[in-house]
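Novice: The hints should help you fit chain E onto chain D, whose structure is shown.
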Amino acid sequence: MKAADEQEHAVSTTQPLPGQQSAPAGQPPAGENLLEVSGLRKHFPIRHGIVFQRQIGAVHAVDGVDFTVGAGRTLGLVGESGCGKSTTGRLVTRLLEPTAGTVVFDGEDITHTPVTRMKEARRNLQMIFQDPYSSLNPRHTVGTIVETPMRLGGINPPQGHKRRAQELLETVGLNPEHYNRYPNEFSGGQRQRIGIARALALRPKLIVADEPVSALDVSIQAQIVNLLQDLQREFGIAFVFIAHDLAVVRHFCERVAVMYLGKIVEIADRQTLYTRPRHPYTHALLSAVPEADPDGIRRRERIRLAGDVPSPVDPPSGCRFRTRCWKARERCVTEEPPLVRLGGSPAGHLTACHFPEEPTIEAREEDIVLDPAVTGREETAAGTA
Amino acid sequence: MSLQTSPRPADLTPAPSPFLDVRDLRVHFPTEDGVVKSVDGVSFTLEKGSTLGIVGESGSGKSVTSLALLGLHKGTRAQVSGEIWLEGRELVALPEHEMRGLRGRTVSMIFQDPLSALHPYFTVGAQIAEAYRVHHKVSKKEARDRAVEMLKRVGIPQPERRAKDYPHQFSGGMRQRAMIAMALVCDPELLIADEPTTALDVTVQAQILDLIRDLQEEFGSAVILITHDLGVVADIADDILVMYGGRRIEYGSVRDVLKRPEHPYTWGLLESMPHITGDVDRRLNPIAGSPPSLINPPGGCAFHPRCTFKGWVPEGRCAVDRPELLAVAGPGKHLAACHLTPETKNEIRGRRAAQ
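The listed protein sequences correspond, in order, to chains D and E. The first sequence runs 50 to 434 under the numbering used here. The second sequence runs 403 to 757 under the numbering used here.
Same shape as in the complex, but just chain D:
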């Protein structure tokens, strides 16, 4: 990647990025928080009526989320569909307007910056989308797609837009000769690479990647994950990586936040979160991940939740997970558990639970199976046996 290094230095003359230039590759300066999110909320109004619309409720998509991402660091957001992880990503990049809370990016409060002035911040804040088919304009050539951020941002690299776009294509593992082709000529994995080249065009400090590999086959998924990892290390880009696949997140992110119904229920560095989780929901998520190891399955605990995530229109009172939790008691209904460091947890490991689990994922003595279809039969089987 020597060529890539040179091109990056060429660009940084037009686009000074203090701190990144002096830092050795892969070792960005720690300490400084690049992104600070606090009390972030997004409520989508539900309206009724045709002419006179009145609000009859709201979808509490994101309901008070706090986290920080240091320069050059990676944070993963995981959770089931509808937990608000994608909405969080869109709030951070200001594709959506937050209802409450603040987003501070690179020392500047961008929570309510008008769209016209967001251009400045977006230079350093880019996004990679999930669907490689709908996120590229089918009527633009690859070259146009990759160059557009430079043109909009008013960046004129010394070697010209075309050369720079071709260098970017090479960086993401595409042939620079593909410059004049259209997105339909590429496979899903290649399209995702084009999306990544576009996000890299302005040499951002932070990339929000919203399920960048979910739509891809396993072998292609690994190619893209490795590419993102190389770029992250080489250019010291911070990532907010949104995914529902816990294994991919563990692989890519140093720190992981588990979301449930618009809130973070547990956040920790990956080693802690995957081996010593405390929140029952994290336990349930981890135990549900299928592993391609016929022996490993028996060593891990087995928890099967019943039903689906409740509606975010009218989330449960107190702890939001209580309706599916096997440990829920009176206190969980009335009192919302704060996201705090529990006794026995290392620094930086925060959990929101009144009755936390033992910090281990070793198989427990008894399975927890809450699914009525399966438990009903197991009980009758036990009765006849």
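These are computed hints drawn from the structure, not numbers from a lab. Ideal Cβ positions, reconstructed from N, Cα and C, are used throughout, including at glycine. Hints are supplied without guarantee of correctness; some may be wrong.
[What the hints assert, rightly or not] Residues on chain E that point at chain D, a partial pick, calculated with CB under 8 Å: (1) M501; (2) G557; (3) A608; (4) I689.
Specialist: Only chain E this time, still in chain D's reference frame:
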């Protein structure tokens, strides 16, 4: 079936005839650009009460195989050849009206996307009852009761009330349960699940897999599970068939294939999967390149353009000779189609373990 194009696989030695016996199945689609060989000589057997996982990338022919088992290529331009023996009946040559008697009753299918597989205009209960009434002479009332009973069995709360709901009123996991109820309403002997959990969250996926396993134990059906997720297969299947470019490249028990994979493609699949345990800094080892064209598949071994180990085979045989599916030494019925010799494979394994 000529012996030159399709060497008779080693696993088809005569035995007491299995419940399902697929022999040299081929499904070709003529198109303007040429013949798309989606499935090109696939054979496997399945006994009642056991589960076969078919694994492969998009376009490897796994879904087309399952549609052929249901006879859903009849009346289309697809050219189906080979034999599918189900309990002594041959399905490829079976006329459509006889196939209809089997479809839903003896062979049933769970589709990947329940929202598009369920009719949006009819209630869930009515759709399940219809599937039952097609094969049983019962009153509407009885069929309806049966539908409610099935909804209850698959774990839908308040089944009487939910039977009157339309598919859009169900959540993703609930819809998939309703699909399963519909597939099982006639107690089929063979259940085909085509990526039943791909669109679902992990917690719901675990529920659905448990449910399929549980219902299989109860009804004793044979299950074919089509997926691209080796984790799902490890969880539920007894045997694994790995497909690549419309062909079988590895076939054996779950333990054999996952613990001692013999084909470089299976190695690649396993190494490109991230895990939730083990070394966090282990770098993923993806398979380079992309899946092959099915119109002009690469000569020799279809995987050779992406294979890291073709250099280990002398004289470039991989690009010329198509490897036969041969038995792997050791107990069991493990088969793999690769030119690498067992000694070379052991050497490769040794080197990788040392890294």
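Novice: Which of the numbered hints above does this structure break?
Specialist: 1
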